[in-house]
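Chains as they are written, first to last, in the working numbering: chain U, 45 to 528; chain C, 9 to 83.
Since the hints were made in silico from the structure, they are not lab data. Predicted, not measured: the structure shown is a model, and the values here were computed from it. Among the clues, some could well be false.
[Stated by the list, open to error] A few chain C positions that, by computed beta-carbon distances, are all more than 10 Å from chain U:
| id | residue |
| --- | --- |
| 1 | Asn10 |
| 2 | Leu15 |
| 3 | Thr23 |
| 4 | Asn34 |
| 5 | Gly47 |
| 6 | Pro58 |
| 7 | Gly73 |
| 8 | Pro76 |
| 9 | Met80 |
[As the list claims (entries may be wrong)] Here are some of the chain U residues that sit facing chain C, going by a computed Cβ distance under 10 Å:
| id | residue |
| --- | --- |
| 10 | Glu137 |
| 11 | Ala139 |
| 12 | Arg248 |
| 13 | Ser285 |
| 14 | Leu289 |
| 15 | Leu296 |
| 16 | Asp302 |
| 17 | Gly316 |
| 18 | Pro318 |
| 19 | Val328 |
| 20 | Asn332 |
| 21 | Ser402 |
Don't be surprised by glycine CBs; every beta carbon is placed ideally from N, CA and C.
Below, each chain spelled out in residue letters.
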Amino acid sequence: MSKVRVLIEVAQPTVRGFAFHSAAAGAPQSAGENALAGLAGFGIDVENIAPIPMFDELAVRGFSAMAGAASSFDAGASTVVVPAEVPEARLAEIAAMDGYTVWPNSALTLINQDRDRDAISAFDPGDTDMGAILDLARSSGTVEVEPYRAGVSIRAIRKLLGVDRVWGDGFRGQNIVVGIIDEGVNGSEYPVVGGYDRPDWPKRPGKAKITSHGSMCAADVLVAAPAARIYDYPFLGVPDSLGALKMFQAVLEQRRLDGTPHLTNNSYGYYGIPTRAQQPRHEVWDINHPIHRKVREVISSGVVVLFAAGNCGQPCPAGNCEKSSIGPGCSIHGPAALREVITVAAVNARHERVAYSSQGPALEATGFYCDKPDVAGYTHFFGNFGPGRPGGLAMPYDNGTSAATPVVAGVVALLLSAFPGATPDDIKSALVRTAVDLGKPGYDHETGYGVINAAAAYAHLQRVVGGTAGAVFPLRANLIGDKY
Amino acid sequence: MNPTKWLVTTRAHVTAEELQAALSPNATVDRSEPPIPLGEDEKVYVVLGPADLDRSLALTADVLGISPVSPMTLW
Numbered sequence: 045m046s047k048v049r050v051l052i053e054v055a056q057p058t059v060r061g062f063a064f065h066s067a068a069a070g071a072p073q074s075a076g077e078n079a080l081a082g083l084a085g086f087g088i089d090v091e092n093i094a095p096i097p098m099f100d101e102l103a104v105r106g107f108s109a110m111a112g113a114a115s116s117f118d119a120g121a122s123t124v125v126v127p128a129e130v131p132e133a134r135l136a137e138i139a140a141m142d143g144y145t146v147w148p149n150s151a152l153t154l155i156n157q158d159r160d161r162d163a164i165s166a167f168d169p170g171d172t173d174m175g176a177i178l179d180l181a182r183s184s185g186t187v188e189v190e191p192y193r194a195g196v197s198i199r200a201i202r203k204l205l206g207v208d209r210v211w212g213d214g215f216r217g218q219n220i221v222v223g224i225i226d227e228g229v230n231g232s233e234y235p236v237v238g239g240y241d242r243p244d245w246p247k248r249p250g251k252a253k254i255t256s257h258g259s260m261c262a263a264d265v266l267v268a269a270p271a272a273r274i275y276d277y278p279f280l281g282v283p284d285s286l287g288a289l290k291m292f293q294a295v296l297e298q299r300r301l302d303g304t305p306h307l308t309n310n311s312y313g314y315y316g317i318p319t320r321a322q323q324p325r326h327e328v329w330d331i332n333h334p335i336h337r338k339v340r341e342v343i344s345s346g347v348v349v350l351f352a353a354g355n356c357g358q359p360c361p362a363g364n365c366e367k368s369s370i371g372p373g374c375s376i377h378g379p380a381a382l383r384e385v386i387t388v389a390a391v392n393a394r395h396e397r398v399a400y401s402s403q404g405p406a407l408e409a410t411g412f413y414c415d416k417p418d419v420a421g422y423t424h425f426f427g428n429f430g431p432g433r434p435g436g437l438a439m440p441y442d443n444g445t446s447a448a449t450p451v452v453a454g455v456v457a458l459l460l461s462a463f464p465g466a467t468p469d470d471i472k473s474a475l476v477r478t479a480v481d482l483g484k485p486g487y488d489h490e491t492g493y494g495v496i497n498a499a500a501a502y503a504h505l506q507r508v509v510g511g512t513a514g515a516v517f518p519l520r521a522n523l524i525g526d527k528y
Numbered sequence: 009m010n011p012t013k014w015l016v017t018t019r020a021h022v023t024a025e026e027l028q029a030a031l032s033p034n035a036t037v038d039r040s041e042p043p044i045p046l047g048e049d050e051k052v053y054v055v056l057g058p059a060d061l062d063r064s065l066a067l068t069a070d071v072l073g074i075s076p077v078s079p080m081t082l083w
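Work out the full structure, taking the sequences as your base and the hints as a guide.
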């Protein structure tokens, strides 16, 4: 059974914190085991580190005034933190018990003392730390390589996106439906209200596991647009262009019926490139492949379509990338290289491109657009995965350009809820014109026009499109007839 | 060996039977997959056939193109 390293905070009768810690240092493991006596039988291994007292902030205020070599001053601590390894399967159970709080114990790395002194918290920073997060996101265009830093909270990502500005005007993605074409979404946790639901298709919308890739995408849409709803278009088995073609046709059919979905998220793509001589009609070479034509039809119908740039960037491409599809000029192709789609690269909360995010220019093929990606979105945060998140620790955090793309999709949903008349062109234009440019000034093939900012895009659309009536579904014809 | 899946684009009026007649004997229209409309006057059939069907299928005024079905990965 796999175990994870965590910090367990235990409530206990108040002790004199410093005295407790000094005494525990003599036999740290048994002190930890004593503190966790109420969790006997959970298979917990206590680390050989003395439990750490946690003081109330008021109790330690003024410590410096009382400091002295012989100071006998102490303070009450009503909880202690015990480092331990816990069976992953029992984490949620422990976290739900009264008197125990489970915190992540994420790996740290040595950091540069000046720039990184206030490194982004691995968990949920308080409001006072948000300034540090914004300061660290300096847009200098660096690259994060393995081992990757700890994840950050959704709150940090929301702050970086500037969603407060839009939420403050009452728009949280309401009345917008996001189609997620993926391996399926868990509808118990996420607001699935429809999707690909056919008798001949073994997968039903909303029936996927909480640890599914599609559930991660759903969580990440809701980062910016918590009031948006989801259509689930699940692939069967290995995704392929036929599966995508069928799903985009279903999108188009639904669109014809009631004008939904308003956008689709597509966090998948091809991982190898045959030569043009070998397969001239392969999707990466043939702009008229049915999948590309269908995607363009869907966009023409008013749907905003987002594709992940891919995870085959240098210097740390994903393991499943074939050599032919790694790095600049090779790693963005197929639907992600269509001019009309919004192609999304990935950065972390410090505005560093994560080292696997695919780089442009896109594969040079007739009809495709070389200046990709268009923008970057955030990845490596606790969305569906992470301590206390619905998907648990099956992955350390939401990751990949797969996570970055639905973050951007959520911002698109947010904008569409405020500007329902905006076209896919309007939305793309707003995102690229207001993106926070990274690295060298101007467009580049690493992160496109930069990382998106919801507040700036919203302000841009207010000027260009005007009006904020908000998105509403059309009234049913009979309702209009009956009532009026 | 499993047959390879192909997407064959035809004019919208072409039936599955007519397409089947145009195919070589070792290729079959997959009737379990309803054709997908494309543009104003086209549709796409799923055809199962040999790996080199793209080289042997004769394009006509009604059978407009053949495209592969390539696997993808979730990023």
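Checklist entry - Would the hint on Asp302/U stand, with a C-beta cut-off of 10 Å toward chain C? => result Violated: closest Cβ of chain C sits about 19 Å from Asp302/U, beyond 10 Å.
Item to check | Agreement of hint Ser285/U with chain C interface, Cβ distance less than 10 Å | outcome: Status holds, d = 5 Å.
Checklist entry - Can we trust that Gly73/C is non-interface, i.e. its beta-carbon lies farther than 10 Å from all of chain U? => result violated, 7 Å
Item to check | Cut-off 10 Å, beta-carbon criterion: hint that Asn332/U touches chain C | outcome: Holds, because the Cβ-Cβ distance from Asn332/U to chain C comes to roughly 7 Å (cut-off 10 Å).
Next on the checklist: A cut-off of 10 Å on Cβ-Cβ distance, and Asn10/C was said to be off the interface with chain U. Does that hold?
Outcome noted: holds, 13 Å
Next on the checklist: Let's test the interface hint: is any C-beta of chain C closer than 10 Å to that of Gly316/U?
Outcome noted: holds, 9 Å
Item to check | Status of Met80/C, Cβ more than 10 Å from any chain U Cβ | outcome: violated, 4 Å
Checklist entry - Once the closest CB in chain U is found, is it more than 10 Å from Pro58/C? => result The claim holds: Pro58/C sits with its nearest Cβ about 14 Å from chain U, beyond 10 Å.
Checklist entry - Hey, does the Glu137/U contact hint survive, CB to chain C under 10 Å? => result violated, 30 Å
Checklist entry - Would you say Pro76/C is clear of chain U, with no C-beta pair closer than or equal to 10 Å? => result violated, 6 Å
Item to check | chain C contact restraint on Leu296/U - CB to CB distance below 10 Å | outcome: Holds, because the Cβ-Cβ distance from Leu296/U to chain C comes to roughly 9 Å (cut-off 10 Å).
Item to check | Hinted contact Val328/U with chain C - closest CB pair below 10 Å | outcome: Holds: closest Cβ of chain C sits about 8 Å from Val328/U, inside 10 Å.
The earlier numbered hints that this structure contradicts are 2, 5, 7, 8, 9, 10, 11, 12 and 16.
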